[in-house]
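The task is simple: from the sequences and hints, build the whole structure.
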Amino acid sequence: MHVTLSEELELKVPTSKAWALFSTKKYKNALIEEKFFEASEFVEGDGGTGTLEKVTVKGSEFAYYKYTLVDNMNKVKEVKLVEGGLLDHGFNYYKSKEEIKENPNDETGSSCIFKLTRDYEVKDEFATNTSIVTNVSLAVIGNVMNKHLFKSN
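Under full-length UniProt numbering, the letters of the sequence shown match residues 1 to 153, in that order.
Please note: incorrect hints may appear among the correct ones.
[Stated by the list, open to error] Here are the simulated SDA-like cross-link-like pairs (lysine to any residue), alpha carbons at most 25 Å apart as the crow flies:
1. K101 x T4
2. K97 x N74
3. K66 x S110
[Stated by the list, open to error] The following label-pair restraints were derived from C-beta to C-beta distances:
4. N143 x S110: 17 to 25 Å
5. S16 x E44: 21 to 29 Å
6. G45 x A127: 30 to 38 Å
The set of hints was computed from the structure by calculation and includes no laboratory data. All of these numbers come straight from a predicted model, not from anything done at the bench. Cβ coordinates follow ideal geometry from the N, Cα and C atoms, glycine included.
Okay, here's the thing in structure tokens:
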């Protein structure tokens, strides 16, 4: 079964400020501080394209993600799960694309849109495990981002 989910959330800061948090290790540190992740470390690379990151989620399950694209000009990051995590739960692959975009409804530029697109394939016999992905709510991630973006004002 192949699934693509896409969600958008408004962030109450300009795109440059949102990307300044999101494109750096500060983003993962914010998710750790809010108990969304337990740990995050770069195994190879420094956060750019080609970086291999180990993320430990609640309950000590870990996953390795490869950064397949980090585009600072267009404010886009794509990662692919390469080991552990959802792959241990019947998924054949999992990719995530995260974008910070101009808010077309805000002429002042004081807010932006965070878009999360998740693309994955799961073996039919593990189809019930897709709820794992939908439980990782954009709202939770967005709330963490908004909280930390406002802290840095």
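Range agreement (Cβ of E44 with Cβ of S16, hint 21 to 29 Å)
28 Å, holds
Okay, N143 versus S110 on CB: inside 17 to 25 Å?
19 Å, holds
Can you let me know if the beta-carbon spacing of G45 and A127 is within 30 to 38 Å?
For G45 and A127 the Cβ distance comes to about 34 Å; the hint holds.
Within a Cα-Cα threshold of 25 Å, do K97 and N74 meet the stated pairing?
The hint holds at about 12 Å.
Can the restraint linking K66 and S110 be considered satisfied, given a maximum Cα separation of 25 Å?
It is violated: about 32 Å lies between the C-alpha atoms, which goes past 25 Å.
For the pair we were handed, K101 and T4, check the Cα-Cα distance against 25 Å.
With a Cα-Cα distance of about 19 Å, the restraint between K101 and T4 holds, given a limit of 25 Å.
Checked against the numbered hints given earlier, the structure breaks only hint 3 and satisfies all the rest.
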